[in-house]
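Top to bottom, those sequences are chains A and B. The first sequence begins at 1 in my numbering and counts up one residue at a time. The second sequence begins at 605 in my numbering and counts up one residue at a time.
No lab work stands behind these hints: they were computed from the structure. Please read these numbers as outputs of a predicted model, since none were measured by experiment. Misleading hints may appear alongside valid ones.
Claimed, not checked - No more than 20 Å apart at the CA atoms, straight line, and that leaves these computed lysine to any residue pairs for SDA-like:
1. A:Lys-251 x B:Lys-849
2. B:Lys-849 x A:Ser-154
3. A:Lys-245 x B:Leu-757
4. B:Lys-849 x A:Arg-157
5. B:Lys-1113 x A:Gln-128
6. A:Lys-251 x B:Leu-757
Number of protein chains: 2
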Amino acid sequence: MKVRLRVLPLDRELSFKAGANLREALLESGIALDSPCGGQGTCLKCKVQLSGITQRFTPLEREKLSAEELDGGWHLACQVTVEEAGEVRLPELEVSRAKAGFGLLGEEIPLQPNVRRRHFELSCPTIQDQRADWDRLAEHLEPLEPGPLRAGLSLLREISHRLREWNFAGEVILVGDEVVALDPPGSARDMLGVALDIGTTTLAAGLVDLDTGKVVALDAELNPQFVFGADVISRIMYTQDGPGKRENLQKELLKGINQLLGRLCRSAGRERERIFEVTVVGNTTMLHSLLGLDAGHIALAPYVGGINRALSIPAAELGMQIHPRGRIYVLPSIASFVGADTVAVILATRLHQTDVPRLAIDIGTNGEVMLATKEGVLTASTAAGPAFEGGRIKYGMRAIKGAISSFQAMPSVEYKVIGGAAARGICGSGLIDLVAELFRAGVLDRKGRMLLPSEIDSSLAERIRVRGEEREFVISKDEGKEVTLTQQDVRELQLAKGAIRAGIELLMKEAKIGPDDIQEVLLAGVFGNYINREKAVTLGLIPPFPLEKVHFIGNGAMDGALRALINLEERRQADQIAALAHHIELSGRPDFEETFLRCLALGN
Amino acid sequence: MKVRLRVLPLDRELSFKAGANLREALLESGIALDSPCGGQGTCLKCKVQLSGITQRFTPLEREKLSAEELDGGWHLACQVTVEEAGEVRLPELEVSRAKAGFGLLGEEIPLQPNVRRRHFELSCPTIQDQRADWDRLAEHLEPLEPGPLRAGLSLLREISHRLREWNFAGEVILVGDEVVALDPPGSARDMLGVALDIGTTTLAAGLVDLDTGKVVALDAELNPQFVFGADVISRIMYTQDGPGKRENLQKELLKGINQLLGRLCRSAGRERERIFEVTVVGNTTMLHSLLGLDAGHIALAPYVGGINRALSIPAAELGMQIHPRGRIYVLPSIASFVGADTVAVILATRLHQTDVPRLAIDIGTNGEVMLATKEGVLTASTAAGPAFEGGRIKYGMRAIKGAISSFQAMPSVEYKVIGGAAARGICGSGLIDLVAELFRAGVLDRKGRMLLPSEIDSSLAERIRVRGEEREFVISKDEGKEVTLTQQDVRELQLAKGAIRAGIELLMKEAKIGPDDIQEVLLAGVFGNYINREKAVTLGLIPPFPLEKVHFIGNGAMDGALRALINLEERRQADQIAALAHHIELSGRPDFEETFLRCLALGN
């Protein structure tokens, strides 16, 4: 039996199977509600307002939703079973994409891409020179190439017609050793490439004109897989759920990538069919998901993926909508939890060529730590979790309009909201500020415990609300909407912070150096541009480095992907980085647990 | 409007569009009547018997069919327009495949194929050794390989599961630098390859066990494209007729190939999914057709194809039904009318390594002539036409049961029929015998004119029948069925013979040698095993070589394809042959026409 629901504010009439889960049913209709918990009823993000439907609240909804929300008919879509016709109102649609802060190190990268344009003027066939069309073209081009050239059937199917149409002159586009496109003489059509960073939460891409090496557009998009779980482990668990799930995830990801590519091209006024190569970085789970590979063993000890080597495949094989003969180049990974994104950060920061100790930390949904010395690069991955991107935090959100991005507690409470709007939630940098400041102000103790109002000797006491076992700090009530930081939020941040700090400590131990030996600390990641270095030290996220040693590099992974797109030598270096980096599996160390527990504490 | 016809002896009720051409309509229903003229009403092969239908005879039918046939309701399907329901009786279905006479030179070819089996026992992953599954396998295999190995996405999608299922031991099959299959340890499943010769008329294939290098099955099949025209030019013309025609031809060819592969495997008791590579030879038009490439310019001066170089492509891209990751290797061609089949003959006969002058002639639907000296190999193609395969000959047929395969005129008329059956027609070797013997006996003069009974002083005179301008020689009346040789048949043979002989003469002229310098003459081709050498000399098809110098090598092209399948070095030699052979375009020579006209004459 089918049930018809009108979906507002989209004003679409959709028909669902009776008995279906509302969140899943909406998802199947292409409406992806933000639900980082993957529908487990814990993230409280998939709220919808029902009307004309007598839907009972589940015990979980009664517990989690405010009285006001319950009165207004708000439900958690993941808890709703579709049973009768009516109206579903979605929350004001979030801008689903946080513009990534691209680093673009500024350094000029020599233009030596895998995609090249070559002009040709061939002699016309005669009865004395009967060489076949492809042979004639290849023999003309090959003297300047390192080896023989290839052509696929689809190009061979058009070559005879094209050469005659253009009187045996024109242009070719080469990708590696393959001729992928034939253009008329003097057409000077675009020759584009894309660098793509597939984050667990965010897809970021840069469109490059490969005739000039210039980035002509940058954009980012929420990874649509977000609704299947906020972190890589949830996504992997989802794929193990039954047949077709892996393909589902892959399809969603590709849909998101194709949308992003379309937007990039529109904003730059270019044609997507003129993109000939996409260099891809990302964590290994995302790369496996892109390729449709089984990532199941990444989640189980000893944490082994299907492939870490670099891989070049036809874009058409994945349905990535670029030139039909374009290619995808996936950069190599180091280990199951140290992916091509980390290789790209190392490539972009030249950590692999360093003479003095340098530390880099890439904080996304996972946190990767890299420590370079002249002996080589050590890497570790830490299960930072999605806290910094708003996951599992009551009012957590990405760094978009309405997010509290910085905070001070003393002498008075002050905060900044992105876009100058009313505060709606807290993003990663805001969370760090909050916990660091409340710790400094004595609202949180070293163990992260939120003190009772009676224990605090300042005006901050009145902002602490205690409800049974639960405690929360009220940050704002802009336009009547409350934003708070709960004790549980502090615990989530501690787990993330502890994981990253333990990674730093153990890599320093492995390299037998201390914080003072480190000459430079690089913070990468989507929210790297916003974080307050001083607060990060106060919090204990990083050791007490002198602030002048700490630099932000934005999305270093994107920089690395751009390098690999623009210069082939960079691609070879990426292979070397992946082969030579020494990965430390933290969970395999006897000293891990003790270090982690110690690092949970706030402060330095 | 639809018209229903019952098709006998198949006993199938088919529905056709009113107004459709019967031959084409049957073809669309999968019933391919033998029609080498492509439906032009000249080959008289597509005879069908209609009943319950008042179909008028066309003027062409009245002219071409015998009174007996007209009385019996026989029509040419190509002349019939489907208009009303009734019955169509097809002629007794021919055995559509003439078993090819494979040469299989006997020489042992060293086993060094592109397809290889490798066993592996990997160390299992541990927390200290977290290499990804593919990386682990590739690193194990690569030390014995010339370069890095590749794997496609579909293999990568199964590798993690397989390795764990088999506890990290097993076997791989490699094709070139790609791992295409994973097998359980000790499974010793077949590793097969196929050598395929795509003739204009006949598809021939050999199935090889690549673990031993032995041919385990051989078979042949009529090229299903035959119904679209008997020679390459008719087929090319068909493809230029409108959109989709090229794809039609390709589809028919692939259907035939897939049937042939299936039969090969059944007869050898092997699985087709264990075929990992198919080496393909054929004339360039057939190879273009296989690949779906435009062969239009092959038919027009200056006769240039799309590609002559060797080409390796995934079998799946063409829909060739072997292992899903198997590959097709198309051998290189020399020129538009000197294809990979000729390269394969040169490879098989070692012409390219000769110290003394040697001549080879490959007679199929086209005739290719090769003359090797220590200076190199000269090649020429001659428009022999389909006469030797029964095309354009009134009672012409392939060398199957019922075909007159040899003939003598003196002292009395005697002939042999394949299978000892009643004579139904004449195959290529019979045709050569007939014309040679009738020339020797004075029934034909040097110019090929059939004398009038009154001009002949022997009992042969009574076998000559004159009807207006038409003359024919009655060979047999077995079981009341007459088989004759017409004046027109003699002309067709003269054209074929003249073309081949002119090719031989002009190559000798180019090499500045005479017939006496030639140390060996090799006759290749499907009917090479049946031809009478002495009669070929009497006829003047070849110069008056001492018979002991003339050898038959059967299907030399198949031998070459087998060599390329079994040994990679042979593949490299094929590339060299194609690059170094000097092709003489006969039509481009000022002395061609005079030589051709001179060679039309019978005798030596």
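Hints, verified against the model:
With a CA separation close to 35 Å, the supplied pair Lys-251 (chain A) and Lys-849 (chain B) exceeds the 20 Å bound. Distance check on the hinted pair: Lys-849 (chain B) and Ser-154 (chain A) sit about 17 Å apart at the alpha-carbon level, within 20 Å; holds. With a CA separation close to 17 Å, the supplied pair Lys-245 (chain A) and Leu-757 (chain B) stays within the 20 Å bound. In summary, the hint linking Lys-849 (chain B) to Arg-157 (chain A) is supported, as the alpha carbons are separated by about 14 Å, within the 20 Å threshold.
Annotation: proposed proximity of Lys-1113 (chain B) to Gln-128 (chain A) holds, straight-line Cα distance about 18 Å (limit 20 Å). Proposed proximity of Lys-251 (chain A) and Leu-757 (chain B) is supported: the alpha carbons are some 15 Å apart, at most 20 Å.
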